[in-house]
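Trainee: Here the sequence shown is numbered in our numbering, starting from 7 and rising by one per residue.
Hints listed in this document are in silico derivations from the structure and should not be mistaken for laboratory results.
This one's a predicted model, so the numbers in the text were calculated from it and none came from an experiment.
Cβ coordinates follow ideal geometry from the N, Cα and C atoms, glycine included.
There's no promise every hint is true.
Unchecked claim - Restraint-style ranges between C-beta atoms, simulated for each label pair:
(1) S276 <-> D200: 39 to 49 angstroms
(2) L186 <-> R321: 19 to 29 angstroms
(3) A310 <-> D27: 57 to 67 angstroms
(4) V291 <-> R259: 15 to 25 angstroms
(5) P306 <-> P271: 23 to 33 angstroms
(6) D59 <-> W288: 25 to 35 angstroms
(7) L186 <-> R223: 19 to 29 angstroms
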Amino acid sequence: MPADTASRLLELLSLLQARRDWPGGELADRLEVSGRTIRRDVGRLRRLGYPVDSLPGPAGGYSLRAGKAMPPLLLDDEEAIAIGVGLRTAARASVTGIEESALRALVKLEQVLPSRLRPRLRALASVTAMPAPPGPTVDPQCLTVLAAACRDRERVRFAYRSRDGAESRREAEPHWLVNLGRRWYLLAWDGNRDDWRSFRADRIVDPAPTAVRFEPRKLPASDPAAYVSESIAAAPTRYEARLTIHAPAAEIRDRPFASWGRLEPIDERSCEFRTGDDDLGWLAVRVAMIGVDFDLHEPPELAARMREVAERLERATGAARK
Numbered sequence: 007m008p009a010d011t012a013s014r015l016l017e018l019l020s021l022l023q024a025r026r027d028w029p030g031g032e033l034a035d036r037l038e039v040s041g042r043t044i045r046r047d048v049g050r051l052r053r054l055g056y057p058v059d060s061l062p063g064p065a066g067g068y069s070l071r072a073g074k075a076m077p078p079l080l081l082d083d084e085e086a087i088a089i090g091v092g093l094r095t096a097a098r099a100s101v102t103g104i105e106e107s108a109l110r111a112l113v114k115l116e117q118v119l120p121s122r123l124r125p126r127l128r129a130l131a132s133v134t135a136m137p138a139p140p141g142p143t144v145d146p147q148c149l150t151v152l153a154a155a156c157r158d159r160e161r162v163r164f165a166y167r168s169r170d171g172a173e174s175r176r177e178a179e180p181h182w183l184v185n186l187g188r189r190w191y192l193l194a195w196d197g198n199r200d201d202w203r204s205f206r207a208d209r210i211v212d213p214a215p216t217a218v219r220f221e222p223r224k225l226p227a228s229d230p231a232a233y234v235s236e237s238i239a240a241a242p243t244r245y246e247a248r249l250t251i252h253a254p255a256a257e258i259r260d261r262p263f264a265s266w267g268r269l270e271p272i273d274e275r276s277c278e279f280r281t282g283d284d285d286l287g288w289l290a291v292r293v294a295m296i297g298v299d300f301d302l303h304e305p306p307e308l309a310a311r312m313r314e315v316a317e318r319l320e321r322a323t324g325a326a327r328k
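With the sequences and hints as input, model every part of the structure.
Mentor: If you want it as structure tokens, here you go:
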């Protein structure tokens with residue numbers, strides 16, 4: 007096979023892997039060849055074992071579907087390293103069963119990696135320790151269905167359980183999946199509420215595509231992750247804490263805890279911080295992790311819980327002083 011043909015096949019396969027379906031004319035334009043050449047190249051890919059389907063319609067097109075066996079993936083050096091790093095850190099992703107699956111995939115990846123790349127991955131593994139975060143985990147099948155729907159601009163239906171346990175059926179236009187620490191969220195336009203909603207992915211049950219496409223809407227903010235974080239912070243919770251932090255807002259705005267709530271300057275030396283949670287114990291831990299001096303104003307239940315924690319810590323550290 008001539009080198010230019012092989013190079014074009016690799017580029018064609020890369021395009022087919024990147025999107026669900028492609029019009030034949032668009033593929034020809036991207037590769038700067040004729041439609042007849044695209045048809046010949048698709049035939050070559052099929053003979054190599056790649057399940058490329060032809061799409062009906064006036065313009066025609068092609069789609070790379072899942073096969074019974076996975077043909078070789080096309081990865082450059084940086085993509086291979088990125089996948090290896092992702093697999094090694096997958097235990098932090100709050101996805102059900104991901105640790106074992108990631109380990110199996112990593113073993114397979116390392117078997118086919120060029121020898122020049124293996125030391126880079128092993129160096130990372132030798133100096134990295136990453137415990138899995140606490141909290142709810144998400145079914146990986148749920149995430150993949152939602153991710154595909156976001157990519158293909160396809161409406162999804164699913165059952166949803168709210169924080170108070172109420173169950174409902176939803177149909178939404180998914181736009182982004184957002185990971186905030188130990189939790190995953192789906193940012194979507196909720197057709198039932200006629201508004202944007204952030205859905206906790208671990209509360210989504212049996213998501214299914216509807217085969218109905220939609221035009222992407224203008225997002226409510228330029229940064230989906232920041233929008234979801236702010237909407238969560240603004241949502242009412244069972245326990246709402248209000249604190250005065252004895253440090254300038256500009257000094258601590260970039261610290262991790264600032265994303266847990268709303269921060270407002272009071273003067274040059276202090277600021278007000280509001281944060282909430284349905285779990286009083288978790289809220290107490292979060293407040294204790296602020297790391298600078300603060301005054302807790304409310305709620306009284308949180309003050310009582312933090313006194314209990316302080317007394318427990320005093321007893322624990324008292325034995326060490328003797």
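Trainee: Sort out which numbered hints this structure fails and list those numbers smallest first.
Mentor: 2 and 6
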